[in-house]
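Student: Read off the chains here:
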Amino acid sequence: MPLSWRSWIANEGSKHFILVSRYPVQLRPVPGLPGQSVTADTVGYIALFCERAERKVARYASYKVQCLFLNLKYSCGLFQVLWLSTNIALFWKTFVSYCSGPQHYYLHKMLGLGLCMSRASAAVLNLNCCLVLLPVCRSLLAGLRGFQKVTSRKARRILDKRKTFHMACGIAIGLFSVIHVSAHLANVYSFSAWYSDEFPALNLARHRGEDPRIIMFTTVPGATGVLLVLVLFLMFTASSYSMRVSHYDIFWYTHNLSIVFYVLLLVHVIGGVLKYQTNVEHHPPDCFRPNRTAPGGQNSGFVNSSQVDGLSKVCREEPQFQAHFPETWLWVSGPLCLYCAERLYRYMRGCRPVTVASVVRHPCRVVEVHMQKSGFRARPGQYIVLNCPHVSSFESHPFTLTTCPTERNATFGIHLRVLGDWTERFTDLLLAEPEVGAEILPVALQRRYPRVYVDGPFGSPSEDVFNYEVSVCVAGGIGVTPFASVLQALLDDWQHHKLRRLYFIWVCRELQSFRWFAELLCSLHQKLWQENRPDYLNIRLYVSKERGLQSLSEGRYQVLSARLLIGRPRWEMLFEEIGRANKQKRVGVFCSGPKGLSTTLHKMCNSNHFGATFEYNKESFS
Amino acid sequence: MGKIEWAMWANEQALASGLILLTGGIVGVAGQFRNWQFAAYGIAAGIFICLLEYPRGCKAKGNGVQRPGQYCLTVCVKAFGPLTRNYYIRALLHAALCVPGAFILCTVLGCVCLAIASIIYLLAAVRGEQWLPILPRAEPREKPGESIKEPPQNPPPRPPAEMRRKRAEDMEGAAYTNPMPVMPNEY
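Going line by line, the protein sequences match chains A and B. Our numbering numbers the first residue of the first sequence as 1 and each following residue consecutively. Our numbering numbers the first residue of the second sequence as 1001 and each following residue consecutively.
Simulated pairs of lysine-lysine, BS3-like, Cα-Cα distance not exceeding 27 Å: (1) B:K1061 to A:K545; (2) B:K1059 to A:K595; (3) A:K618 to A:K583.
Now the stretches of chain B that chain A is said to cover, found in silico as 3 or more residues with beta-carbon under 8 Å: (4) 1003-1014; (5) 1095-1108; (6) 1111-1124.
Calculated directly from the structure, the hints in this document are not laboratory data. Backbone N, C-alpha and C define an ideal beta-carbon position, used for all residues, glycine too.
Could you build the full structure based on these sequences and the hints that come with them?
Tutor: See the structure below:
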């Protein structure tokens, strides 16, 4: 992971350069290496520029811009650079082909710059419409994650960043759609104003000076284009951060319009409006046509007496035009089929009903639900999506599994916090008391739980906890749920994992929240002590609300009382301690909590002066 | 579905439509197409709509995510009072503004998007929503209680002198007191 701009450039560039001194940056090229593309000075200036930009951002920019900058800085890896360069290369190649390619000569004369811009942006749109579907195939990615071959950290980091990649592709689609539509608006005007009498096959308008609005709305590409813009408009306006946070359902329902978008897109490219010349060898562009008189207007370029030259450039036949094959079908059909198959698979998997085994109420508005489903298998750290038709037919909500099914116990459990109206109604249904005065039924029939459908499990970065020798799990409040499943798995069998030491740091606002997993923590601690591995689990509990004297009064939670601290954790000291105790090791840091916590930890992991290498993995909830 | 505030979505849509109208107007004016005056109108209307819709209102619960740098525009928009607070007037305004955009091709898209935003604003107005500005609240400083002005006159009560004197029989107990009982093998 890049540490700072200078050291990143030094690390990546060290293949070609030798770092002489760190500050100021002095790089001297290794002699004998062919074709050094970047000079030492340029690299030094780039590093200095980036550091200055970073300091300016830290001083002036708002918090959100800072987070974005940090995200870009630490995640600007090979994958992102590859994506960006592919987009730029595709844009440039298509632009040049339409601007100066001989098969587009006549069309370019009619339409001008609008042609090149619209086709180049269309090529980039093809690529991004293809790529945007891939990160949302959640089951496929969960399967990839579990596949043993994908153990390289770089591959897992790419899978972790799927949401960011989806957003990047979406933003690229929006941006290039604006360019594409603007360029095509200019093209429609050009088709109307520069109607070609020479080559009627090239025209889109029916006569010179036709109203551009009629051209737009009465052709297939035009009408589908307008509908595409409207669908994109609805999708984009509902996808902003504030809309996702406050009205997730509007975001979800409008995003499902993407299937309409793709159907319209496939129809949009059928039109065949822009044509290329097929017989360039027999009719080179701008060739001399001996039997033609000079027509007026723009297309008189080739009747030029100075070009009369019997040897070169004589037209042997009339130009013939043909519409391009719709390339978009080739780009989009693969990922679209994959996505449709994924949705079908998830629907069929989610159709099997789930029985609710037990419901436990916990303090601080948390409810634990245990369920059972035949054939359900999950790994610690994965999450499921619940749907309860009785509460809402279309809404589905993700919850991390806190208990995974094992050979001994086939039930799986979630802890859900009652925060919005869906969770409130769901818990009301679950905790409803049986009616007083009803006949006494056997215990198995007394509780009538609502019907629940479960989709999943899907993967998350927390699954990687077992891939490190030393892991640090930092949880904020209810974010502890992925780590609870990890602890549960350790309780079942801690010996057969690569993990040798786990630091468990849990920050809560109220003391009573610790009761959610107090039993689990105490029993795991007890088991490890009895099996003579006291250093395996290190628990630190923090209560951030500093009012009054707080302690867990029960005797059986004495282990936790001894590890309870009031106030927020001091990350510098914690990291120093962990680094000292695990020198020269790769320590995985897993954060599951609010944004501020994750930014602080990310920065801490990258400061790199603690003796061990900290690798940061973040769980995202929205 | 829960309580949806349509005004929030309508605000995002109106801002986006303003930008689309502005872009279409720029394309029309730059290309100097026929009837480009409508495109110039599109630019002016687009800028006006962006300025009007940029400050986000707060939700019914009183909280809201601000757009960066929206404070000055919030003050300006708030100054118009009921004209900007009422969503019926906004819906009507957007419907009226979108009509001239339908005359040339460049601004047609902006016109359609603005019409959709106007419909959603109408829906929000029918549900009784209002635009309330997000203004920074002055945090009241926590005042210490009144008793801080009156320091205590007497020292805290203590047991009488005989009990306080150290006794010779119990030297260890007199030397220090354990705050909690000490047991072997504490974790």
